[in-house]
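Undergrad: Here the protein sequences come in this chain order: B and E.
So in the numbering used here, the last one in the first sequence is 554, and the numbering has no gaps at all.
So in the numbering used here, the last one in the second sequence is 612, and the numbering has no gaps at all.
Quick caveat, the hints were computed from the structure, so don't treat them as lab data.
All clues given are correct.
Now the in silico label distances, taken between C-beta atoms and shown as ranges:
| no. | chain 1 | residue 1 | chain 2 | residue 2 | range |
| --- | --- | --- | --- | --- | --- |
| 1 | B | 481 | E | 278 | 56 to 62 Å |
| 2 | B | 446 | E | 501 | 52 to 58 Å |
| 3 | B | 481 | E | 585 | 31 to 37 Å |
| 4 | B | 516 | E | 162 | 54 to 60 Å |
| 5 | E | 526 | B | 331 | 55 to 61 Å |
| 6 | B | 516 | E | 542 | 22 to 28 Å |
| 7 | E | 526 | B | 516 | 25 to 31 Å |
| 8 | E | 581 | B | 510 | 26 to 32 Å |
| 9 | E | 297 | B | 516 | 47 to 53 Å |
| 10 | B | 429 | E | 501 | 52 to 58 Å |
| 11 | B | 446 | E | 581 | 56 to 62 Å |
Heads up, simulated DSS-like pairs for lysine-lysine below, C-alpha to C-alpha not over 27 Å straight-line:
| no. | chain 1 | residue 1 | chain 2 | residue 2 |
| --- | --- | --- | --- | --- |
| 12 | E | 550 | B | 518 |
| 13 | E | 473 | E | 459 |
| 14 | E | 608 | B | 489 |
Backbone N, C-alpha and C define an ideal beta-carbon position, used for all residues, glycine too.
Spelled out from the first residue to the last, the chains are:
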Amino acid sequence: MKQEDNVSVAPGEAVGVVAAQSIGEPGTQMVLRTFHTAGITSVVTTKGLPRIIEIVDARKRPKFPIMRIWPEKEIAKRYEKVREIWRKVEEVKTSAVISNFEEDLKAGTMLLHLDREKMGLYELSAKTIISKISKKEGTDASMAGDDIIKVKYKAKSVEATRKAFVEILGMAIVGIKGIIKANVQQADDGSFYITTSGSNMEEVINVEGVDKDMLYSNDIFEVYRVYGIEAARNIIAYELTEVIKDEGFTVSQRHIALVADGMTFTGKIKSIGRHGVAGEKESVFARAAYEETVKHFTNASFFGERDMLKGVAENIIIGKQIGLGTGLVKLEVKKEDLKKIKPKND
Amino acid sequence: MADEQRCAVYLDGRVIGYVKDGAAFAEEVRTNRRTGVVSGEINVAYIKGLNEVHINADRGRVRKPYIVVEKGQSKMTDELKEKLKNKEIDYNYLVRRGIIEYLDAEEEEEIRAAVDTKSINRHTTHLEIDPAAMFGLTFSTSVFPEYNQVGRHPVSANFIKQSQGLYAVNFNNRYDARAYLLYYPQLPIVNSTTYRTLNINRHPSGQNFVIALATYYGYNMKDGFVLNRGAIDRGLGRSLFYRTYSDEERRYPGGQQDHFKIPAATTEGYLGEHAYSKLSEDGIIEQELPVAEGDVLIGKVSPPRFLEEQTSFGIGEERNRDNSVTLRSGEEGIVDSVMLSETTGATKTVKVRVRNIKIPEIGDKFASRHGQKGVAALIVDEKDMPFTKDGIRPDILLDPLAFPSRMTLGQMLETLAGKAGSLGGKFFDGTPFSGEGRARVDEYGKILEGFGFDKFGDEVLYDGRTGKKFEARVFTGIVYFNRLLHMVSTKLQVRSRGPVQILTHQPTEGKPRKGGLRFGEMERDALVGYGASLLIKDRMLDQSDKADVWVCRECGDIGYYDYVKNVAVCPVDPGATLEKVEISYAFKLLLDEIKSLHILPRIKMKSE
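Work the whole structure out from these sequences, hints included.
TA: Structural data, given as structure tokens:
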């Protein structure tokens, strides 16, 4: 017998139920309250049960998306190089580098009073700001005094001018949209990496010096879009594992993998619940037993659906032996074989 | 409009004005209250965080008395204490003079209360009258709480509330829906000042048990304990259970009314002659008659619910309904008393009180006053109980492991005090925070030694079954135990067969309906996970709502069996052949409900 036969699952084992119970049981002990730790460098994320619900429900965007950006091997230990990536990544809006602004909507001008201290923090010059603002169509920016930038915008209405000014103030001077905050951190081996709150894989992956194989985001759908379904499956499994580990519980990797596989095996990310896995079951009875009973029956009647009564839920409803475990096997004997059996003579 | 500088004053939750300095204003009100300018029932609190003054004068506030402390000096001077002792002044004098004042929850929030005179410092504003005053009425019956772990106190208070005792002296004249009465209630050997002051000692709710912290062949593990049958036979923990059944002759619109009488055999819902056999002529049971399950206590006949009730033979004759009161299922007893009276609506009412003696049995619950509960796990003949050199056999054997994790050292101390008290023939005081632990152990130890016992309460025990000496010495003593009102005889229920619900054909739920225990979703999932497919079928179908249903081979609809012609009939095509199918009745019901949605479900069968 091969070693792997010892660990393979027996036929008829209810792996799904066991997985659900194995993840659900520690779930009952987790606190629903999330604790937010205060601090500058630490990145805020959802933790505990709310995060598990977030993953399993396949929410389009996590409440607190985060990223981990690793630089390429050659520059990983050089702080300045990593810092350079950081500067390209963190989103700095116009409003973040000015102390205040004055607008004259009739004339279509806005005066931006620069904050040198904040500019120094992001290593920005007035020139880059001007060139960035000027890129917007119809805008003209120039220096008007020591720390003042004058922005001109030609528009037909006051309303449009105002809209444009708001846009300019919220414009990213440097960095990538959606990366609210980024920090450079050092790993145990001395190499540097960047953690961010806010996630935007599509653009970060194109930044020079970023290790594309190591890029991490907790936004499952973003990973799916950028790296594909296999990566998304891995992220689901990894995130679940991390959350459960964080709370101090241990759940076998097999159960988590089953959940991740179940959510992704169709090539798309499906939630576990009404709109996903449970709502797409083949059997009418199984769907109706879960949620929205009447809706499922009426829809089934429209399409003349046929329930083959193969699953567990249906068979329990009608009162038949379920086709799992001991119900999987059947004993069949050929009639001619019966004749071969001879009574023993003692 | 209030600006930042001003402080709003609320009276019973409503703004009545503004002051400049809230704290000073609150202090002024307080001074006026103490000097009697304003009523002593007013409470005032300055809330710093909100910069608001809350004055409360409404009803329903719980208030607690404190001694006022001013400039680090208690206003309750020695001189006053002396006067109080000589009865020159009374408690009300102290309240009137502002020496003792009552505080509510809001005002209490801001005070600095000292527990005793020694701990008064310059910040102190109030002094506890007595440290024991911090506990409520229920908990005041407990002793030595300061030696127990904090978490046990609420548990203990809960158990005390559930204890059986002498709840009222006029119990014989009362018709409580349920009442428990302990046969020989005793005063606790160890009690407290509050206990004596409140006169609870005239309504005791427990007995002094001789306990030993010993195992007994593994029968008193966890919270189980071993009881001495000899002690039970002598009346330990014995109690009475009263239940009152009541009914009245109701009047109905149309001039009809109920009648108390033995129903005629033609009455609808007649329970059979036997059930009414114990009733006297007036249809009400006699006193001191033993009654059992199914016996009628009050025979009552009600008029028909609907006039001209339709029967299969057209309009039939009016039949009265039997509306008798029967003894609760699973109960028995003796009719204690019968009371006839009239309601304010001038209708006759009857109250029948049934009494039953509850002798402690396996499964009954007891608890000490320290949150240590237990269930009788074994009742041992007296001859088999362990005994001391003096021939003392404990009433109860507790598991020693009940103590390390729960840390109720108060019970340890009570064991010692109870033993010393019973030997010395006196009561001991266990008022909270009234003494020092070591001094107490020394005091009790001295008494014990004087009577030739070990000063720490340990004793050499001999096995009652073998007569052999136990190697370890066993901690024995006397602890006050309460018998709690959870008794197996009122709870025990089993079912193998029984009534089912009309709608679903599934077993009923709950003890009064002789119900089964629900095999729920999670239980089902556990079996699915284990793969025990036939066990699921057994629970969900065979032992629940199995039904044989005839299904048409042609149209897949459900038919019926015509027992007159001895054939199964399909309602759509009477000539079609039908097949007998075993399904759960709930599924048949589901199909019917789907039909009510104008959806026709069809069952297609494969022949095997």
